[in-house]
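Chemist: Work the whole structure out from these sequences, hints included.
Chain by chain, the residues run as shown.
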Amino acid sequence: MIFSYFFADYYRKKHLKRLTHSSSIKDYLNHPLVKSNKLIKDLEFLVLDFETTGLDADNDRIISLGYTVIKNLHLLPKTSTHVLINPKQQLTEDNVGIHKLTDEELQNGVSLNCAMEGLLSEMAGRVIVVHFDVIEKSFINRACLLLYQMKSLPMVMIDTLKIEQKKSQHIGPYVKQQSMRLYALREKYNLPRYRAHNAMQDAIATAELFLAQIDYIGRKHLIKLKDLI
Amino acid sequence: MEIEALEIIDFFKATLPLDCSEPEQLELLISKTEVGYRRKGHVLTLKPDFLYLVRKGAVLIEDENEKLFSILGEHQWFGYSNQLLLYTHSCKEDTLYYRIDKQYFHELFSNNNTIENFFVDANLKAGIKFQNITKQNNLLNDSVLSMSRANDAYLVDQKTSIEQVAKLMTKKNITSVVITSNDKLCGIVTDRAFCTKVAAEKLDVTEPVGTIMSKKPISIAHYKSGVEAMLLMANAQIRHLPIVKNKKVVGMITAADLLRKQSHNVVFLINEILVSKDSDDLTMISKQVPLLLQKSFESNMDEHDITYSVSSIGRSINQQLLKQAESLLGAPPVEYAWVVAGSMARSEQIAHSDQDNLLILSDDYQQDLHGEYFSKLAKYVCDGLNACGYVYCPGDVMATNDKWRQPFSVWKSYFNKWINEPDPKALMYASIFFDLKCLYGDSTLLDDLLSDVLKKTVKNTIFQSHMAANALHYTAPLGFFRNFILDKNGVNQNALDLKKKGVVPIVDIARVYALSHGARSINTQDRLKELAETGGLSQSGANDLIEAYKFINLIRIKHQRYQIRSDNLVDNYVLTEEISSLDQKHLKDAFSIVTDMQSAMGSQYQTSIL
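Residue numbers (numbering that gives the first Met the number 0), protein chains in the order written: chain C, 0 to 228; chain F, 0 to 609.
The set of hints was computed from the structure by calculation and includes no laboratory data. The structure displayed is predicted, hence computed values, not measured ones. Quick reminder that beta carbons are idealized off the backbone N, C-alpha and C, glycines included. You may find that some hints are simply not true.
[What the hints assert, rightly or not] Derived DEER-like restraints, expressed as beta-carbon distance ranges:
#1 C:N107 <-> F:N116: 38 to 48 Å
#2 F:L85 <-> C:L144: 54 to 64 Å
#3 F:Q102 <-> C:N36: 32 to 42 Å
#4 F:K46 <-> C:S151: 33 to 43 Å
#5 C:K150 <-> F:L85: 50 to 60 Å
#6 F:E63 <-> C:R192: 31 to 41 Å
#7 F:L85 <-> C:S151: 50 to 60 Å
#8 C:N107 <-> F:D9: 21 to 31 Å
#9 F:S80 <-> C:K150: 56 to 66 Å
Modeler: And the structure:
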């Protein structure tokens, strides 16, 4: 963990030197990565959820993203944000089914560049929380490659799925089991069932799951970031 | 931000009193809302700056006496009044909650009367709801109006003469009257005023009663509970409270009314026992004993009083069974004493326990003539006790056993043998047969026996040493909290047997000193007090032991109360996680007192030379 922090921070500084013009990515890289020995009660978390046209970051697209902020170990609903991205490509039948987003709605969406600028300013100085980090990690990196010619974005990311796997000692092949799905886990922690299924509500759902998980760890005011990564 | 799309908006709209707010107000409210989570069984730390709302789960509110105040579910609020902040809020289920900036909330809705009044009334409603939940459990939770003996308060105008008021109070057998001026409450006169003012100051009894009244008396609203009345009386050091409804006096509640309610349960049960016809009736009645234990605990009774009331019910059941047996079998042919042994004799029962009993028969007893009568009597009573939950003694120390149903002279020879030849078996009996109490019949049989026994035990130092050595058998688990010395036998491997490890050693110590100093008390605390007075024990040593004994028993009762509440079988095995850290500290202190006293006793009675 410590090594990966140094590597990530090294890359952050390296990229920073390369950037001359002020931009949202430069602004993001200006914030040091959160150190893993910090107490989580003192940290701010950005809980994130993407909706994509598929699982392949190279060929699929992000069509919407939602996020919310956790501060003082409480979720702040007012920070909840939903951003639609115009993918400039047709949605396939089955995607519409899942996300209930239509082409028309997405035509009104912003560009990927614009969405990333907003996201980066929210991510700066915060720890990212997602459920099943493969999607968000790969699509963020892909976006950074396209937009800023960076192979990967230095960031500190917590995966609620991994927290759960660690807890249940299922550290094996990285398989998204049925019981590890966000809504199955929420039920386990007696969290409410939400009707809406979009990136923002899923980000909130993930955030609440995260709060439940850390409460179950116990003595949450003594938990350090490294305990969760 | 797309607040209108948030699920929380829908939740707010469906929550009273927010259903009557404007959509824009809800959006503003969300800007001051935070979401938190606490898992089942854990206490919420409320901050006075926030108003709380249950989103999912359940929150249990208990007052400072751990009495249930309210259980909240989805859409219900808490933390709205500062008074409630002092109560314990714990999660009965995993709970997701919203907390909202309180000041902002009230500013936002300052023009909305429905919302503002909701929280003023909520406090009262929570109390009423709580009354409904716990009505069957605690009579003190009823409204004061319902428990005042006379619903009509006696109202007297302040111009009425003292003499007339005194006559009225005597005639109506009341201890206080409310004094009014133009039909408005202006004072109160209690019987005490006639002593402190009229008699002491030699007032003329034709003077108006207004001159002796206590002005501006404290009153209580009619819907308040008996508990609140009690607290009010305690704080103000008064014994009478006028009950007020719509600014009018509608009744009077006195300390005596409250007291009657509190002891009602024990008294009621004993009355039921006394009118019962057969052992089936008694079996039904005895089912209420666990509930009584719980009620007593909830009304914050002293543990000594609790064990005393539970024991007195046990005694009453036993006595009633004997009466029933006599009416069935006819009058006894010779005098007898029905004697109980062990914890029932010491009045130290909590909940049901084994029965230990014996019969001392008069020396006129003749086996051929009277044997059948007493064996039938013993069988009826012991079977009845068993049916009532006082199960058969595993060691067969019961009057049904021929060995323990003997004439006076035989008992005398038994004790002689035990005292003069204290072998292990004799010592095992000591803990049972040296704690005796006559429940029924001719108590002089037991008194004479005990006088004889004590005369011998006081003189016999070898017997004393053996008793003392035997009492050191059970040691207090001092290493308990670091590395739990737990009972390695049996199922409760992670639990501490508070009876064997805590209570029994103290009971044993008290018995050893009582027998060697001729103290006649049977109850452990009484024994210790008597020993302190007669110099058998130092005052501080006795006090320490009493405190330790009380505390260990308190933890034990608490534990059993939880078991009763959750419908479990009652036992003495307390799990460490059940005990709060503060209690653990006290328990440790209690155990070290026991250990100290044990070693002092060991050297005093020279147990090491045995």
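Chemist: Give a verdict on every hint.
Modeler: Evaluation of the provided hints:
In this structure, N107 of chain C and N116 of chain F meet the distance hint of 38 to 48 Å, their C-beta atoms being roughly 44 Å apart. The hinted window of 54 to 64 Å between L85 of chain F and L144 of chain C holds, with their beta carbons roughly 58 Å apart. Range check, Q102 of chain F to N36 of chain C: about 36 Å between beta-carbon atoms, so the 32 to 42 Å window is met. Restraint check, K46 of chain F to S151 of chain C: a C-beta distance of roughly 41 Å satisfies the suggested window 33 to 43 Å.
Between K150 of chain C and L85 of chain F the C-beta distance comes to about 58 Å, which sits within the given range of 50 to 60 Å. Here the CB-CB span from E63 of chain F to R192 of chain C is close to 37 Å, well matched to the stated 31 to 41 Å. Taking 50 to 60 Å as the suggested C-beta distance range, the pair L85 of chain F and S151 of chain C conforms, at roughly 53 Å. For the pair N107 of chain C and D9 of chain F, the beta carbons lie near 24 Å from each other, so the given range of 21 to 31 Å is met.
Judged by the Cβ atoms, the range 56 to 66 Å given for S80 of chain F and K150 of chain C holds: they are separated by roughly 58 Å.
This entry satisfies every hint, going by the numbered hints stated previously.
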